[in-house]
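Input sequences plus hints: build the corresponding full structure.
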Amino acid sequence: MRFVDEFRDPAAARRLVRTIDSLVDEDRRYQFMEVCGGHTHTIYRHGIEQLLPDQIELVHGPGCPVCVIPMGRVDDAIHVAEHEGLIFTSFGDMMRVPGSEGDNLLAAKARGADVRMVYSPLDALQVALDEPDREVVFFAVGFETTAPSTAVTLLKAQALGVRNFSVFCNHVTIVPPLRAILESPDLRLDGFIGPGHVSTVIGNRPYRFVPRDYGKPLVTAGFEPLDVLQSIEMLLRQLREGRCEVENQYTRIVRDEGNPQALAILARVFSLRPHFEWRGMGFISQSALQIGEDFATFDAERRYEVPGVRVADPKSCQCGEVLKGVIKPWECKVFGTACTPETPIGTCMVSSEGACAAYYNFGRLRHAAVPDDVTALPVA
Amino acid sequence: MNGDEITTAAERELGELTRDLATTSLAMARRFRAGATLWCVSPTWPHHARHVAVEFVHPVIVGKPALSALIGPAEEPIAGLRASMTRGDLVLAIGDGHDVVTADLMRRAHAWGVETIWIGAGPRPPAGAADHVLWLDDAPGTAAVDGRFILLYHLLWELTHVCLEHRGRLREPAPVCEGEVCITCSDDGQLAEVVSVRDGEAQVRTAEGPRIVDITLVDRAATNDLVLVHAGSAIARVSDEVPA
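Protein sequences, first through last, are from chains U and G.
The numbering of the first sequence is my numbering, which starts it at 1 and goes up by one.
The numbering of the second sequence is my numbering, which starts it at 1001 and goes up by one.
Please keep in mind that the hints were generated in silico from the structure rather than gathered at the bench.
Keep in mind that the hints are not guaranteed to be accurate.
Facing chain U, according to a computed beta carbon distance under 7 Å, are these residues of chain G, among others [unchecked claim]:
#, residue
1, 1055
2, 1057
3, 1127
If the Cβ cut is set under 7 Å, some of the chain U residues that face chain G in the computed set are [claimed, not checked]:
#, residue
4, 9
5, 10
6, 12
7, 120
8, 122
9, 126
10, 146
11, 197
12, 201
13, 259
14, 262
15, 263
Cβ coordinates follow ideal geometry from the N, Cα and C atoms, glycine included.
Here it is, written out as structure tokens:
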């Protein structure tokens, strides 16, 4: 239990690990999917898998907003960014996400495009206010955690009558991919660790179909290592007691009804796209947001010509299988060799929330150092 | 349960407490090395708070440095500490697991960028209530008077000095992400405490420093509220209910 000492309240973590041990049936295996990339990051960074009994396997889900963006959309973003005189703003991680031919926004910036990193869409709007003679586009990505911020930004832009600002919208929603995973014929999951911060906005109610229609428990969890351990304990307890429900571990922030104010603003600014392509998962119906008619003037897709070409993922890249939990990151053919955080082939290797990057940064040496037979360790 | 089992259970508890003491001491030494001040409070037993501060601040062992330590206000400690503590400081509270003032202080300190230590006895506070929980599993009143709290913080003080002598161990772990490409810096939830509100925006205090955030999405946000911030907007208010 080496890593527990680095947790907040290590004593509580040790107690939780002991409880988890006591709840595990030695004769069965458990597969739990953490839906959110933030959880994946916590799990790898704090070595949580190493604390759990061998019977528990954590499967990393599709909840990293960067990882699910298809290459064609990145190509579209680069195309917009290279418009003469335009300022293209983006969260940091999207700058390195490869489009087709390995091109990315950083490379576009090197070629002369004015690409700037921002921490918030509101910062992008401020750029537009500061430079009224130039067009400013914000590359919007993310789930229901960041979409409200984009919506607020568009409301402000409209109220201020800003004419030189638009949004290239790639916001996605969490429930449709969750349903797509549950529809997978080779599904072997025993339960889900639900996304904490997305649930502050949408609440716990949208997950009720998971136990009702698919017979899988779901526990909404926070992002501290203790939160993740506690959510695993709650899932095990449900299975042990024969219950199957949506439970909330993250009660300090998540309400069943979510944030009605944020939901109302989302509904006012956005509408659902009929289809959206997810990296490795194909097209999923009503799984993404587009800018609504009342805000059409702020829609970069209407303001600029975007190629909209669908680009197939590189054949060697298995991001799709990783995102669906079919394979672990290290089982990908190019993991750690052709595909590294410095030279990513797939998006899962780009974002620090991506399963491959998280595993590369925090888990690969540990995985290699704990073989079943310690005598088989190679001599350095 | 026979005597051997009782002994084994006691050893196990002490063993874990020893480990927690070591971890806490190292964390404190790192913060002191970086210039932290230790703030000591105890709404229930203010004499213990005074005692801890005195221990850390006076160089009783020849050659050891005095460490910066102060006593927090006995009345309305949260309001007093909010105004006094700065990012990187330490707060040490002594109180039982049902002490709601301490619980509230511990969760707010997270937004102030302050590392928290909670010493107590009896029923434990909820998991994760503080960064470091040093706990004696018996009646809190007894531990407060039989010298075990004193033993605990004396050990903490001595071990902190031991850690300070090992400079190589005082380096903070490397940050998780460096450079300008990291979505966890932009799309990561930040706990923030509202300092002031104006025209749909709030000046907030976070562990990373002060910033201005939009509060359109949070109904009636007011000064001292704790909120969760994502991408520049507060998207939820943290429950006012202090876990106890």
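List, from low to high, the hint numbers that the structure doesn't satisfy.
-> Result: hints 1, 2, 9, 15 break, sorted rising.
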